[in-house]
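A.B. asks: Chains as they are written, first to last, in numbering that gives the first Met the number 0: chain A, 0 to 358; chain B, 0 to 297.
Hints may contain errors.
Cut-off 20 Å, straight-line C-alpha distance, at most; resulting in silico cross-link-like pairs (SDA-like, lysine to any residue) [unchecked claim]:
1. A:Lys48 with B:Asp121
2. B:Lys222 with B:Leu279
3. B:Lys65 with A:Gly207
4. B:Lys235 with B:Lys278
5. A:Lys195 with B:Pro120
6. A:Lys277 with A:Glu243
7. A:Lys48 with B:Lys238
Across the chosen pairs, the derived CB separations fall in these ranges [as the list claims (entries may be wrong)]:
8. B:Lys286 with A:Ile229: 56 to 66 Å
9. A:Pro218 with B:Ser188: 40 to 50 Å
10. B:Ser188 with A:Leu115: 28 to 38 Å
11. B:Thr179 with A:Phe126: 31 to 41 Å
Rather than coming from a laboratory, the hints here were simulated on the basis of the structure.
From the three backbone atoms N, C-alpha and C, an ideal C-beta is built for every residue, glycine too.
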Amino acid sequence: METKLMKGNEALAEAAIQAGCDAYFGYPITPQSEVLEYLAREIPKYSTKEHIRVVLQAESEIASINMVYGAAGAGFRVMTSSSSPGISLMQEGISYIAGAELPCLIVNVNRAGPGLGTIQPGQGDYFQATKGGGHGDYKLIVLAPSSVQEMADFVFLGFDLADKYRNPVMILSDGAIGQMMEKVTFGKYNVHKTEKPWATTGKPESRGRNYITSLHIQPEKLEVHNLKLIEKYKEIEKNEVRYEEIMTEDAEYIFVAYGLSARICHKAAIIAREKGIKAGMFRPVTLFPFPSKRLNELAETAKLFLTAELNSGQMVEDVRLAVNGKVNVEFYGRLGGMVPNPEEIVNKLENLISKENVS
Amino acid sequence: MSAEELTLIEKTDKNISEEADALTNSDAAVNICDADEYSVVYERPHTLLDVNMHYCPGCAHSLVHKLIMEAVEELGIQEDTIGVAPVGCAVFAYDYMNVDMQEAAHGRATAVATGIKRLLPDKYVFTYQGDGDLAAIGIAETIHTINRGENILIVFINNAVYGMTSGQMAPTTLAGMKTTTSPFGRDTSVYGYPIKVSELISQLPGSFYVTRQAVNKNTAVRKTKKAILNALNYQKLNKGTCFVEIIGNCPSNWKMTPLESNDFIDEHMVKTFPLGDVKLPGAEDLKQLNQTGDKQPC
Chain A
0 METKLMKGNE
10 ALAEAAIQAG
20 CDAYFGYPIT
30 PQSEVLEYLA
40 REIPKYSTKE
50 HIRVVLQAES
60 EIASINMVYG
70 AAGAGFRVMT
80 SSSSPGISLM
90 QEGISYIAGA
100 ELPCLIVNVN
110 RAGPGLGTIQ
120 PGQGDYFQAT
130 KGGGHGDYKL
140 IVLAPSSVQE
150 MADFVFLGFD
160 LADKYRNPVM
170 ILSDGAIGQM
180 MEKVTFGKYN
190 VHKTEKPWAT
200 TGKPESRGRN
210 YITSLHIQPE
220 KLEVHNLKLI
230 EKYKEIEKNE
240 VRYEEIMTED
250 AEYIFVAYGL
260 SARICHKAAI
270 IAREKGIKAG
280 MFRPVTLFPF
290 PSKRLNELAE
300 TAKLFLTAEL
310 NSGQMVEDVR
320 LAVNGKVNVE
330 FYGRLGGMVP
340 NPEEIVNKLE
350 NLISKENVS
Chain B
0 MSAEELTLIE
10 KTDKNISEEA
20 DALTNSDAAV
30 NICDADEYSV
40 VYERPHTLLD
50 VNMHYCPGCA
60 HSLVHKLIME
70 AVEELGIQED
80 TIGVAPVGCA
90 VFAYDYMNVD
100 MQEAAHGRAT
110 AVATGIKRLL
120 PDKYVFTYQG
130 DGDLAAIGIA
140 ETIHTINRGE
150 NILIVFINNA
160 VYGMTSGQMA
170 PTTLAGMKTT
180 TSPFGRDTSV
190 YGYPIKVSEL
200 ISQLPGSFYV
210 TRQAVNKNTA
220 VRKTKKAILN
230 ALNYQKLNKG
240 TCFVEIIGNC
250 PSNWKMTPLE
260 SNDFIDEHMV
270 KTFPLGDVKL
280 PGAEDLKQLN
290 QTGDKQPC
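In isolation and in its complexed conformation, chain B is listed as follows (with noise of 0.2 Å):
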C-alpha cells in the first residue's frame, strides 16, 4: 500500500470518529435519549423467528422473507399457512419462517404445493423459489401449476444466478452477464436469452395475478410487501396461481458491495425485466374479495 493510500485511510478514519463525536455530543442525541415515552414504530413479526440468518450481508432473500411473514401476520393467517421452500439459498427458510413449512426437491416446489393444497384447500400456501429452481429445472413443474391454476402463491426471487451453487448462469442471467459458468458474458448464440417467466406465466389462463417487483429501495420494498399481502389474500377467491416475481440481488456471486448491487438492479436488471403488474385480477374478482371480509380462512 502506497503512502498516499495511508494517508487516506487515516484521513477517512478520523473524519467517521469525528462525525460520531459530533453526533453524540449534539442536542438532537440528547433529547432522544432523554425522552421519557416511545412509540413502536417498528418491530419484527411474531411470524418471523428470532434467530441468526445464514444469508449474505445485503442479500434481499431476508428481507422477502420478513415482508412475506409480515403479510401472514397482518391477515392473521399464521395457522393457516404452509410454506414450500426448494433447493437453492432459501432451502433453510424453515428456520426463521414460523409457520408450517416443507422442503422440496429442487424444481419440485410447485408440484410439492399442489399436494398441499389440493388436500387442505382452505389453508394458504406459498413456495419461495429462485430462478434456477423455478424457471430451469422446474420449469415444466412452474407451468403445469399453473395452467391447472393451482391456488397458490409462488414467489420468485429472480437474481440472475445460481446463489447457493456459488454464482453460475441462471436462465434469467442478463445477456453479456457475466458468471462463473459463463465467464466472458452470457453469450446468447450459445444460450438464450433470459426468460421472462412473469410475462410467460401470464399468458396461461391458470394465472390469476402475476407482478413483478423489486426490494433495492424503500420504495420497492413497500410495494413488494403490498404485492404479497394482495397475493396471499387472493387465496380466498380460489381463482387461480398468483405470482410475485422479486428482482433480488445478489452481492456475493454478483462480486459487488450491496449498495452496488442495489444499483446494478436499477441500472441492468430491469431493462430486462421491467418492473411493476403483468396481469391483475377483474373488478369483479375484488369485488367479491371485499364480500368475503378480511379474516376467513380462504
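Bound conformation, chain A alone (with noise of 0.2 Å):
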C-alpha cells in the first residue's frame, strides 16, 4: 500500500496504469488535461513488446472515442477523459460502442454550461450521463467520486463493471473533485482481465469471424436486440448499486447529493445537527444504477429530502421517482460554477423546516 497526495486527475491517470489499462486516446480540455498529461509521461514507460501500451493524443474528442471503440473492439482495456463540451462531442461515439456493447471507461470531468460555459465544477451534465447522452435506447454504468480516493478508486471498479457487463461505463466527475489534492493509497485492488473471445483480434482458421457492429437493419433483430439491452440494464440496476449514508439511522431530514455536493452537504449535516436538526445526507454513488430503492425505504421515517446540486435541478427528478410522492422534494442548486457553502444549505433546510412547521 502506498499513500500520495495527488490531484484527483492524477490519481484517476495513475490508477489507469495501475489497473492495466491498455490504451488512452484523449483530447486537452480544462479541468481535466492533466489526466493527458500525466498518461503521455507515464504509460510509455510500461509499454513493452510483449504488452503494448498506448497513449495517444487525438484530433478531436470524436477521434478520441472511435480510437477507443477500434481498441475496444479488439479486446482491450481502454479509456478516454473530458470535460462536459469534449464529452457532448463524443456522445455519437458512446452511442455506437453501448449498441456494440464494448467495455470501455469514459471519464467527465463536468464543468459549468451550456455550451463554452466556464471551467468551474459544474454537474450540468447529470441527464447527459445517466439519461443515455447520444441517440436511441442505452444507458452507461455511472460511478460519481466525491474524493481524489474515489477518481483512483472507480477506475479499477469502473474497468471491471465495464468487462463484466461489455458495456460502457462513465465516470462522472467534476473541475473541483479533478483539480483537489488529498490523499489517495493505491495498492487495495487486483487487477481482473476477462477473456474476449468476440473481439476482432484476426480470424484463425479455427473460429468464424468476428465483427463489431451497431447495425441491426430488420426492426425485428434490432428490438431483439434492444430487449437484450433492457434486459442486460436490469441486471446492472439488480447488482450493481452503490451509495453512502450519514447519519441516516434517525435522520428526519436527509440531504442527498453526490460528488462535490455531497462533500459540502455532509458538512451541511454536521452543522445542522450541531443546531439541534436531525440530519443525514445520502450519497449515490452509482448515478445508474440509481439507488432508488434505499431512497423509498428511507423515505418511510424521513420528514423531508433536500436534494442539492451544482445544476438547476437534474437528480431531484430521480429522488422524486424513486420516493414517489411519500415524502415532500426540495431543491438547492447553485449554477454557473458557483459552489455553495455548507451554511447556505443549512438556510435552505431551516427555512424549509419553518415553512414547514407554519402549515
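Reconstruct the complex from the two isolated chains, following the hints.
C.D. replies: If you want it as C-alpha cells, here you go:
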C-alpha cells in the first residue's frame, strides 16, 4: 500500500496505469488535461514489446472516442477522458459503443455549461450521463466520485464493471474533484482481466469471423437486440447499486447529493446536527443504476429530502421518482460554476423546516 | 407504345433467340460440353463469403470487395487482417468479407482503425470508405490519420455521390454534375470544387503509397488488384499510410445503365480525377520489402 498526495485527475491517471489500461485516447480540455499529460508521461514507461500500452493525443474528442471503439473492439482495456463540451462531442461514439456492447471507461470531469460555459465545477451533465446522452435507447454505468481516493478507486471498479457487462462505464466527476489535492492510497485492488472471445483480433481458422457492429437493419432483429440490452440494464440495476449514508439512522431531514455537492452536504448535515436538527446525508455513488429502492425505504421515516446539486435540478427528478410522493423532495442548486457553502444549504433547510411548521 | 416500336422489340427478341440457338448448335459449344478435363481458371476467393450481395447491379463495390479478399488470400494473411467499414453502401461489408471486421460511425473509420492498429501493430488493418464518409464528414480523421502515418491501408471508393442515401451531392461530385441535392448541376460558386483527395493527402509525409485506379474495364481491374495487393503488402514495412482511391460507378444514382456508367468514368470522371500513381515508395523501401519475405506478419 502506498499513500500519496495527488490531484484528482492525476490519481485517476495513475489508477488507469495500475488497473492495466492498455490504451488511453484523449484531447486536451480544462479542467481535466492533467489526465492526458500524466499518461503521456507515464504510460510509455510501461509499454513493452510483449504488452503494448498506448497513449495517443487525438485530433478531437470525436476521434478519441472512435479510437476507443476500435481498441475496445479489438479486446483491449481502453479509456478516454474529457470535460463537458468534449463529452458532448463524444456522444455519437458513445451511442455506437453502447450499441456494439464494447467495454470501456469514459471520464467526464464536469464543468459548468451550457455551451462553452466556464471551466469551474458543475453537475449539469447528470441528465446526459444517466439518461443516455447520445441517440437511441441505452444506458451507461455511471460512477460519481466525491474524493480523490474515489477518482482512483472507481477506475478499477469501472474497468471491471465494463468488462463484466460489456458496457461503457462513465466516471462522472467535476472540476473541483478533478483539481483538488488529497491523500490517495494505491495497492488495494487486484486487476481482473477477462477473456474477450468476441474481439476482432484476426480470424484464426478455428473460428468464424468476429465483427463489431451496432447495425441491425431489420426491425425484428434490432428489437431483439434492444430487449437484450434492457435485460442487461436490469441485471446491472439488480447487482450494482452503490451508495453511502451518513447519519441517516434517525434522520428526519436527509440531504441527497453526489460528488462535490455530497462533500458540502456532509458538512451541512454536521452543522445542522450541531443546531439540533436531525439531519443526515444520502450519497448515490452509482448514478445509474440509481439507488431508488433505498431512497424509497428512507422516505418511510424521513420528513423531508433536500437534494443539492450544481445545476438547476436534475438528479432531484430521480429522487422524486424514487420516493413516489411518500415524502416532500426539495431542491437547492447553484449554477454557473458557483459552489455553495454548507451554511447556505443549512439555511435552506431551516427555511423549509420553518415553512413546514407554519403550514 | 407505337406499332413501330413493338415491331422493333419483336425483331430484337427474335434476333436474340436465333443467336442463342446458333450458339447451342455450334460445334464449338458441343466441344466445350464434351471436354473430359477441366482446369480451374477462376474461383471465388475463400476469403469472400458465399452469399448474395445487396449491391445494385453493375456496382463497383462487389468487385472491389472481391479484389481486396483476393489480395488477402494471395498474401495468406486472412488470420492477420482486420477490416473497418463505416456508414455508407459498404456498411455491410462484414457480411461478405470473411475476416474480422468492425463497423464504424460515419466518417470515423480511420480513427477506429487507429485504435485497432496501435494495439495490434502486427496485424494488417484496412478501412473501406466512400467519398462522403472519407472526404466530407470524416476529412479531419482522414488527414490526421495519414499525417500520423498510421500503418494501415485506406481503400477509398470515389463515385461522386452519396450512394446509400440515394444520390446526394458528395465532396467529389464533378462540377456541373446533377445529383438530388444539386438538381441543376453542382454550382462551384456555391459548393466549391470536387476535392482531389489523393493529391491532397500525398502532400502529407505520413502517406507512403497513394494511387488512383478504376474498375470500369478489365485492364483497370487488374491494375486496381495489383495496387491493393501492393498496398497491403507494404504494411510490413511500417512506413506510413497506403491509400488506394478507386473511381467507382453508381448506376442507380447516376441514373445510367451499368455500361453507361462505366463509360461515364472514362469520359468525365477521369478528367477531374486522373488515374495513376500519385506517390510511390522509394527504391530503398521496396528493397527492404523483398528482404522481409512474403508471408511474415507485417
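A.B. asks: Against this structure, judge whether each hint is valid.
C.D. replies: We went through each hint and held it up to the structure:
no.	hint	verdict
1	A:Lys48 with B:Asp121	holds (11 Å)
2	B:Lys222 with B:Leu279	holds (15 Å)
3	B:Lys65 with A:Gly207	holds (19 Å)
4	B:Lys235 with B:Lys278	holds (18 Å)
5	A:Lys195 with B:Pro120	holds (19 Å)
6	A:Lys277 with A:Glu243	holds (18 Å)
7	A:Lys48 with B:Lys238	holds (19 Å)
8	B:Lys286 with A:Ile229: 56 to 66 Å	holds (58 Å)
9	A:Pro218 with B:Ser188: 40 to 50 Å	holds (43 Å)
10	B:Ser188 with A:Leu115: 28 to 38 Å	holds (34 Å)
11	B:Thr179 with A:Phe126: 31 to 41 Å	holds (37 Å)
The structure fails none of the hints (numbered hints given earlier).
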